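Protein chains: 6
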Amino acid sequence: MSDYQAFQVELKGSIAHVQINRPEKVNAMNAAFWTEIIEIFQWIDETDAVRVVVLSGAGKHFSAGIDLMLLASVANEMGKDVGRNARLLRRKILQMQASFTAVDQCRKPVLAAIQGYCLGGAIDLIAACDMRYAAADAQFSIKEIDMGMAADVGTLQRLPRIIGDGMLRELAYTGRMVAADEARTIGLVNRVYSDHQALLDGVMAIADEIAGKSPIAIAGTKRMISYMRDHSVDDGLEYVATWNAAMLQSSDLRLAMAAHMTKQKPEFVD
Amino acid sequence: MSDYQAFQVELKGSIAHVQINRPEKVNAMNAAFWTEIIEIFQWIDETDAVRVVVLSGAGKHFSAGIDLMLLASVANEMGKDVGRNARLLRRKILQMQASFTAVDQCRKPVLAAIQGYCLGGAIDLIAACDMRYAAADAQFSIKEIDMGMAADVGTLQRLPRIIGDGMLRELAYTGRMVAADEARTIGLVNRVYSDHQALLDGVMAIADEIAGKSPIAIAGTKRMISYMRDHSVDDGLEYVATWNAAMLQSSDLRLAMAAHMTKQKPEFVD
Amino acid sequence: MSDYQAFQVELKGSIAHVQINRPEKVNAMNAAFWTEIIEIFQWIDETDAVRVVVLSGAGKHFSAGIDLMLLASVANEMGKDVGRNARLLRRKILQMQASFTAVDQCRKPVLAAIQGYCLGGAIDLIAACDMRYAAADAQFSIKEIDMGMAADVGTLQRLPRIIGDGMLRELAYTGRMVAADEARTIGLVNRVYSDHQALLDGVMAIADEIAGKSPIAIAGTKRMISYMRDHSVDDGLEYVATWNAAMLQSSDLRLAMAAHMTKQKPEFVD
Amino acid sequence: MSDYQAFQVELKGSIAHVQINRPEKVNAMNAAFWTEIIEIFQWIDETDAVRVVVLSGAGKHFSAGIDLMLLASVANEMGKDVGRNARLLRRKILQMQASFTAVDQCRKPVLAAIQGYCLGGAIDLIAACDMRYAAADAQFSIKEIDMGMAADVGTLQRLPRIIGDGMLRELAYTGRMVAADEARTIGLVNRVYSDHQALLDGVMAIADEIAGKSPIAIAGTKRMISYMRDHSVDDGLEYVATWNAAMLQSSDLRLAMAAHMTKQKPEFVD
Amino acid sequence: MSDYQAFQVELKGSIAHVQINRPEKVNAMNAAFWTEIIEIFQWIDETDAVRVVVLSGAGKHFSAGIDLMLLASVANEMGKDVGRNARLLRRKILQMQASFTAVDQCRKPVLAAIQGYCLGGAIDLIAACDMRYAAADAQFSIKEIDMGMAADVGTLQRLPRIIGDGMLRELAYTGRMVAADEARTIGLVNRVYSDHQALLDGVMAIADEIAGKSPIAIAGTKRMISYMRDHSVDDGLEYVATWNAAMLQSSDLRLAMAAHMTKQKPEFVD
Amino acid sequence: MSDYQAFQVELKGSIAHVQINRPEKVNAMNAAFWTEIIEIFQWIDETDAVRVVVLSGAGKHFSAGIDLMLLASVANEMGKDVGRNARLLRRKILQMQASFTAVDQCRKPVLAAIQGYCLGGAIDLIAACDMRYAAADAQFSIKEIDMGMAADVGTLQRLPRIIGDGMLRELAYTGRMVAADEARTIGLVNRVYSDHQALLDGVMAIADEIAGKSPIAIAGTKRMISYMRDHSVDDGLEYVATWNAAMLQSSDLRLAMAAHMTKQKPEFVD
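Protein sequence lines correspond, in order, to chains A, B, C, D, E and F.
Counting from 1, position 87 in the first sequence corresponds to residue 87 in this note's numbering; the numbering is continuous, with no gaps.
Counting from 1, position 72 in the second sequence corresponds to residue 72 in this note's numbering; the numbering is continuous, with no gaps.
Counting from 1, position 254 in the third sequence corresponds to residue 254 in this note's numbering; the numbering is continuous, with no gaps.
Counting from 1, position 211 in the fourth sequence corresponds to residue 211 in this note's numbering; the numbering is continuous, with no gaps.
Counting from 1, position 257 in the fifth sequence corresponds to residue 257 in this note's numbering; the numbering is continuous, with no gaps.
Counting from 1, position 240 in the sixth sequence corresponds to residue 240 in this note's numbering; the numbering is continuous, with no gaps.
These are computed hints drawn from the structure, not numbers from a lab.
Just so it is clear, the structure is predicted and the values come from calculations on it, not from any experiment.
Be aware that a few hints might be false.
Cross-link-like lysine-lysine pairs, in silico, DSS-like; alpha carbons within 30 angstroms at most [to be verified]:
id, chain 1, residue 1, chain 2, residue 2
1, B, 92, E, 92
2, D, 92, F, 263
3, F, 263, E, 265
4, A, 12, A, 265
5, E, 92, C, 92
6, B, 60, B, 25
7, B, 12, D, 92
8, C, 263, B, 60
9, A, 80, D, 25
10, C, 12, C, 25
For each label pair, taking beta carbons as the anchor points, the in silico distance ranges come out as [claimed, not checked]:
id, chain 1, residue 1, chain 2, residue 2, range
11, F, 74, E, 209, 46 to 56 angstroms
12, F, 181, D, 176, 20 to 30 angstroms
13, A, 39, C, 24, 54 to 64 angstroms
14, E, 12, A, 264, 28 to 38 angstroms
15, A, 176, B, 98, 29 to 39 angstroms
16, E, 209, C, 24, 51 to 61 angstroms
17, F, 58, E, 23, 53 to 63 angstroms
18, A, 31, F, 181, 51 to 61 angstroms
19, B, 95, D, 198, 33 to 43 angstroms
20, F, 43, E, 12, 39 to 49 angstroms
21, A, 42, B, 98, 41 to 51 angstroms
22, E, 75, B, 38, 39 to 49 angstroms
23, E, 78, C, 260, 41 to 51 angstroms
24, F, 43, A, 31, 15 to 25 angstroms
Backbone N, C-alpha and C define an ideal beta-carbon position, used for all residues, glycine too.
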């Protein structure tokens, strides 16, 4: 793990704790953020010793979204020709999307722990995570609408599969604040914890549970669920049959079965 | 705005209030209804001054669905050859579907305000709206099953993305009545208001909030969410990048940013 | 109806009651189970007199999932070459999937009534049913993760359309038990009944309600909702228009209309 | 048939002959062209007496593509805001696409007869027809590249299904002229006739042959082939089964069978 | 291999020779044909000793398509209610489609050898094969149009991927005869042989060549090409990566490599 | 342009000439090849001064495909657990696929110039290019089948859109050599040149022609054609309308129009 400007990353047992670490800026997403997150998740993806990821924000808030300084610097790169500006903007957006796609396509489950503000780009980010958990003081807003733009790094693409279409439209058109309890009701978060510490403890406990499972089984399960966002039931069935044709030959099944018989907890290789 | 037989249409500021206006017939959808709704939404689509739409029903009920007289007149057009009858019926159904597709594909958000009965074809209609809000006395039923037919103007196509698949099947197979509170629980409506007036006031307030946003940003947001009903996450990301390549060059971003700095409400051009 | 080893099948009026009948083995799914379920649903599909299906488990539990003896016998068939083993496993998995696809694609609605344990393969099974109802003592777990494998006979393919993506991932990664009430909250079951008898009575009543509708209309409604899991709204609209081009020429519409006029209950032919 | 500015339309038996009729402007596609073509094909679609369509160009050339005057007038409508200009342009392009989609989705087969120049927008047009036939002097060019733009009314969307991907790219990137013989070799046209008169005679003969078939069977065949451009084999099989469930009940089959037995030519109702 | 009424099946080394064997009826497809073909291809699929299939027709012609007696018997099953007739017809068509889907989805390559007439349903059949080879006297016609119906057992679904869209439409609308040479030019057959014996010898030689390859590699190659008819390039790439994750662990690679080094022909296990 | 081990890269005007440069190894694709090709095409993609790419092979042959030393080194990384080996292999294949996806998704047209052998992986590579041109001595073979494996870096995914399905299967199952003339007939290459020098001159001339067009228009055209491999006609039409909403505001259109009027060759900015 290298040193990062926008993040702090720790490996606790098999759990990588990835913390956005610019609390003095409400964890706003600056240029470093967007490139470092790719490096971090590439490392996670390639490192078999990491089995699960907790993503959180340092300080009182999860994140206020994109850093406005970054937007300003993009504006400065633009020239006179609308077509060439469009070419430049399209590339920039695709690059920023790739940062969150790295989170989405990470082979290990990613659990987001959210306290305080979770605004704009921060919603795009947590929508790319596997599960979301909140402290009671969490506040969510699809803030992009108030910046005069349609959200373009994942919120509008990934959230429809997570919360209801009808409520998503209300939140995306109005940008209104959603408190932790409503977030749980509409399915945006799985559980609400009383405060920040209880949130971190709770999420770490779930992560620990997952870290104890067969990493081969977890990887397969994640790939299948992600695959189903965009494929038919028939396609999904054939895909899992092909996947498991190899994976059921792993020794993890025998290990799990033996542990099941002896009522012991199995220890799986990374 | 021309005069309509089945509707009353008003422009209140930037809000088009479209009211089904046959209260003496429980707002049943007659021949005029199906053609006029296309004209109305075409006008809304082309008129930049309209930024948001409220769709409601005059009188005690939202609507009892398709007018049985209309069904009878279609039956009269049929001849002896089953194949040619099928050709005729297929065309008629496609035409009626086009009426609600005009609502669905309208570039501006459409908010449905529902009191009393909302039956059969009326469910198909509100499923084509962006958001749904109900008065406490609202009652919903997928009535088509009791007419001996599968619903064919949108309910079965659009509702799965809005409410759970399991509950949808129960409602579609049994045609049972759903009260306002259950409708909110299953995600069919976003909020329940105490009575008809509170409903209209509440929906108008939300519409007003949306009307104050950048119309460029709202149009993009709506297109993206609708697009995601039928496309993969990757397709959606590329599409919004291409869309925003043009739209982020709009002056609305600068306006929004300036307003944000000065804590003022921005005034966007239509 | 032949005799079955793993099932008991009864025809009550127009309702086929299909009961998994190995209570002494917690209704574990053995070799007979996987082949007989195909025969049973083929018979249901071809028999017009059956209009709706209730699927339940004999004894205190719905089912503990796949029989471990069956897994062991597959393991015994494997040889030395990884490629040929993969070919064998892929075929086996596809065959087992076909057993639940027979439930999924059955032309009549299938209602699952669940008490006690519903584990592993039993979740795959109920995910292939139209609706799910539970007794208060029901307990659900995506148990496959604890056997060192990704679920591969339907849970990961069909459940995302039924419960929220975020909660599904938590349940699939951790395998934790879900009680009846939480199952209702997340949309996994439609209703919770106080005990086993109340469950059976309640589900039979719903089945009876559905059996009274036009079988032509029910079949069309089911096909359309299933179709929408995997197709675009536009595709769905065109498909239902083509379907109804034939089906609206059925006499069931006239029958339903006449009954509606005379306030009587229509009697539809099978 | 009304009077048209850009077209001449004749009904010869069951064949509608639609002729682009601005020979003095090399049949360039002006404003009238784009709106009239929709009206004409709507009339064709609704008129059962029309069974097949021949589309040709008056004079020495088929068409030189879009009228540059029309492009200039669109340019004049543009204002200062890039976002609002994009909104306007997107709408205009969608409108023009709708003109050729009317040809593509016409329920009757459309045969294009091409002599002389077939440039730019004219390629987009013939790509929306069912079949293409050329005179020996025909010359094809995807001219848009030389106007500084990507073709946007159908060529790039429909041509990949008709000619090879590799050759399409060469033609679209270079805009080079393709003579009639090469057009036949790469599958762009089905046959080359020695001159303009032979072309018209030949195409009329094929149209006549098609006009003698069952219109129910022809409509089904066309819908299925068009459907397969965008759907899986499995989807296509299910769709045709549903379609034919109605259409095989038509009396045309008995008529065809009887004619087959008696070696006579069957006479089908429109 | 059991005895069949409509077929003769021989196993020559690793090649299954499946011959339609009703030469006195021009190999017309009767009731036995449609059920036996499923059994035959199920046997082929499950029998590892069969590595490749040659499909041919006994006598002077490949096949005249569906037996008209069979159509008549379906007609006799129909009742008075259009809806219930549609239900019956849809089922029958789906069943007949399943017969050719068994050919299409067979895990081993299927080579069609065609002489004389290949009409109507026979085109549907060869479109479900991997490759097609013809004798010089072969004649092809999409005959269904002359029976007053749209082809519904695979021609319109599978042929667009094999021959050009433009020419397919001409053949499907007119039903005109296509000779062997034109069939090769448009890609319907891969090669034309001088006469029937040369055809059988040539096709057997190709089959023999294929039978000598690794059956693991052949099965993967076939699945991937079939998969690509209906999936995106990205989906296909991921699928083959998952497939080969197991299959590259087969010993066939080492065997092939060793044979390559020693310039010998490798001998692969079934 | 850095120094590469496996390539030589030159910028000639606006044309990047990328040459595989291991002639002493028949341009076999070693480890350096697979990583360098990504860097090269990333540089091309980001460098506006490059407008078109020519891809060729140094020496007498284009390329013999993957270097067998590389395969051996992957085999060495494998351990005992089949599941973990599958995880490793899947990752490796996805990485190698990414190398050719970089070619496929490059924003500039890529023209392959092929002489001598083009075997195995080399077919996967040219299938990812826009167009293919051959010298008379070129020889093509889908060689993977003789290595006991299904091709897995693009041939089976991309070739079906380029050559006919029927012929592709023959070539993929048999691995037989295809000479230049047959390659042209089946659409694998666009043109055959008499010898290696004529090939390079001819391809450079086409590249030069393309380099003179508007780079904005070329990029749009390429994106649209690639998009159509995997999307419906309707999706493609909407996408190009959205794309051109920005790009038609570029000054290249005015420039092209002005040049057209004055019969001069326009000079477009990069």
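If any of the earlier hints don't hold here, list their numbers in rising order. 3, 9, 11, 14, 20, 23
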